[in-house]
Amino acid sequence: MRTNYCFLLIVFTILFFSFSVSGQTLKPLSSSNNSEKEIPEVKDNAINPDFCGTDFFHNKKMKNDAQYKARHKQTIQSIQRVGNQQKRSVNGIMQVPVVVHVMHKGEAVGTGTNISDEDVRRGIKYLNNYWRKIADSKGNGDGVDMKIEFALAIQDESGNCTNGIDRVDMSGVPAYVSDGVNSEESGGIDDYSSGGGVNSLKEYSIWNPTKYYNVWIVDEIDNNNCYSGGSYTGGYAYFASAHGRPYDGSVVLICSYLNESSSTWAHEMGHAFNLPHTFNGDDPDTNTCGDDGITDTPEHVRTSGIDPSIYRDCDNNDANTCDPTFNQVTNPDTGFRRNTGTHQDHMHNYMDYTGCATEFTGGQRAVARDALNGRRASFLTSPALTPPATATVDFISEGTSICLGSTLAFTDVSTCTPNSYTNEGYDDVTFLWTFDNGVDTPYTSTDQNPTITFNNLGTYGVTLSVTNPQGRKSLTKADHIIVSSATVTGACTISSTNNDGNFNNGVTNISFNTLNNMTTTFIPDNALQDFICIKSTAVNVGTTYDLNVNYKSRPGGGQYLEVWIDWDNSGSFDTSNSNGINEKVLADNIAENSSGQPSVSVTPPDTAVRNTILRMRVISEYDKSPVMCGNGRAQRADDYGVYVSNGILSTTDLSKSDNRFKIIPNPVQDYLNISLDNNEAIRAYQIYDISGKEIMSNLKMTKNSIEVSGLSNGFYFLKIKTDTKEMTSKFIKK
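Residue numbering for the sequence shown follows UniProt numbering, starting at 1 and increasing by one per position.
Hints listed in this document are in silico derivations from the structure and should not be mistaken for laboratory results.
These numbers were taken from a predicted model, which means no experiment stands behind them.
Ideal Cβ positions, reconstructed from N, Cα and C, are used throughout, including at glycine.
Please note that a few of the clues may not be correct.
Beta-carbon label-pair distances, calculated as ranges [as the list claims (entries may be wrong)]:
1) 683 - 335: 54 to 64 Å
2) 380 - 665: 38 to 48 Å
3) 453 - 137: 13 to 23 Å
4) 187 - 373: 37 to 47 Å
5) 107 - 335: 45 to 55 Å
EDC-like cross-link-like pairs, simulated, lysine to aspartate or glutamate; straight-line CA separation at most 16 Å [claimed, not checked]:
6) 719 - 680
7) 730 - 689
8) 584 - 568
9) 211 - 157
10) 703 - 680
11) 552 - 588
12) 703 - 723
13) 700 - 440
14) 552 - 592
15) 700 - 726
16) 147 - 333
17) 147 - 424
18) 734 - 707
19) 719 - 689
20) 733 - 689
21) 700 - 723
22) 721 - 694
Can you make the complete structure from the sequences, with help from the hints?
Here you go:
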């Protein structure tokens, strides 16, 4: 049977061909040795024409819900009314509150289907990259900034602070665990059912749909996901005509949500704000052209339906016979025009089925903003993004040790603080960052998520102050960033017989101490991605740290993984280095078509080179051990930085409690005051936790008062410095 796509698709179902960062088709990998087997080809699958989850949901609503049917007709009229508007955008940014329901299978937070808070935030950031056309992101194409962005809710339905993340344990629902969500009678649970108890996905958890845009993150739809092979449903969403209904929102596969290069959710949110497919009503089998009713998108047949395939042939200039005279300004902000009469006019649009999606048009922006100002206007007056209390301040950075002159990105992760990761700002919420090495003029920023270039050496304390209508809170992380002048020792080179391609196998994420990086499976030209100067961590000799790596294999062969740290800074990776230390800290392998999450504890040895950036190499290879120095078959490596220091308060210091100064009050809640017997000026302070780890400092202190409101409850040590002495004493944070 042939798929019949409606003019307005109430629920969008998109079928992707591979979970691929590069957007390339999977291809056979040639062997570097004739005796070795080739990596089997995984063919590029076309959209299955017999699958129509959209029709399933749409026809059910049109048949059984008269109000929905009436709203549907109004939506069509709305698109026809505003679809030809291509005005240059001069209005402010509209922000939509989102709650993400993580529908997991009982795993611990941060593992399996119960993805971490950081991963949830990462998905929001990726979505805004596409909708806001963020520079240097996957969303920075020739299209428009939609002037709409999305932020996790910070106020829940009871008026309390929330992180906008709702975790729902579905391990007791066998149909969901087995098959996920049912869209085509697959055996999974229904999307939504209005009667008979709690028996559908959205009945397990939904927040007020007039105040929050609800998103459900799931592992499978119809027992398939990005890793199943063949076609799969990446997600679906209801149009604005469903606003306020208990089924409104979008459902997205975890693997699509967390793929930075996948525009699946951006596409879904297009539907949520009334954007049809650009090819609406087409039929590739009969070469019937489709159109979305928006002036600045051409009539065309979906890119995925063109034979021979041009799905990822992003420079294709074959004629678009549906609209050969198309000539429209598609970005009124820049004047950019599409007028080639070829597939270039449509194959970059997010609402097409294409592997080249990079843009929305001015007309699509007009439709989406009309939907938000109209049917979905209650989002704009929702209290969901209004801080109900002072912030609990926290932040993270890409790394904690960098090379001189490098740039580092910082992310605010404070509670009770909205964050769209675009630095657009919020009413009555301000930010002040200070980066101080105790010598040079501090760097400062008022961006919520700043990017700082460090042109001065030293160890920097980082302070973030967040002010909202409820008050101001600050957090200082002492010695948080180390800027080193040392020249990073070069390492032996690697290469791959098969490079400049993505074969959907290899490392996808690594975490080590403060370093946490989601990487790609794409193999670059030189088989190496060098992050050493910008993505790194600082560790202490004798302290143990967890190293965790996520990686995956593909059909036809297993995958091998190794992690090495060049502890003696020799430029090579040795099983017995110049100090007799084995620099291989992790080795693992998995069977074909599977995933692995190995973890190991790493303790920097006493002989490790101090106070410089050492190289950590994470390398993975198809079906055999990787070649650390030399050529492999389909291997890729990522290099990160590891800065080793002592950095721990000594046991002698820990035993001290100097009576020459007093801490008042003690226990302390927000501010502690320091009183010295001789009234000598305090020049600097450092605060250590009970293990002796430094957590706060100020190397240019100007007053005898310290804000400690951001510390967790417990015992701490305060070391102060005057012109003549150092003194240490204990205090309690309550």
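Going through the hints against the structure:
1. 683 - 335: 54 to 64 Å: Hint holds: Cβ distance 58 Å, inside 54 to 64 Å.
2. 380 - 665: 38 to 48 Å: Hint holds: Cβ distance 45 Å, inside 38 to 48 Å.
3. 453 - 137: 13 to 23 Å: 19 Å, holds
4. 187 - 373: 37 to 47 Å: This hint holds: roughly 41 Å between Cβ atoms.
5. 107 - 335: 45 to 55 Å: 50 Å, holds
6. 719 - 680: Holds, at about 15 Å.
7. 730 - 689: Since the Cα atoms of residue 730 and residue 689 sit roughly 10 Å apart, the hinted pair holds (cutoff 16 Å).
8. 584 - 568: OK: residue 584 and residue 568 at ~13 Å, within 16 Å.
9. 211 - 157: At roughly 9 Å apart (the allowed maximum being 16 Å), residue 157 and residue 211 satisfy the hint.
10. 703 - 680: At roughly 11 Å apart (the allowed maximum being 16 Å), residue 680 and residue 703 satisfy the hint.
11. 552 - 588: Satisfied, since the Cα-Cα distance of roughly 11 Å is no more than 16 Å.
12. 703 - 723: Roughly 14 Å between the alpha carbons, so the hint for residue 703 and residue 723 holds.
13. 700 - 440: 11 Å, holds
14. 552 - 592: 8 Å, holds
15. 700 - 726: 15 Å, holds
16. 147 - 333: 12 Å, holds
17. 147 - 424: Answer holds: residue 147 to residue 424 is near 10 Å, not above 16 Å.
18. 734 - 707: The hint holds at about 13 Å.
19. 719 - 689: Since the Cα atoms of residue 719 and residue 689 sit roughly 11 Å apart, the hinted pair holds (cutoff 16 Å).
20. 733 - 689: 11 Å, holds
21. 700 - 723: 12 Å, holds
22. 721 - 694: Holds: residue 721 and residue 694 sit about 15 Å apart, inside 16 Å.
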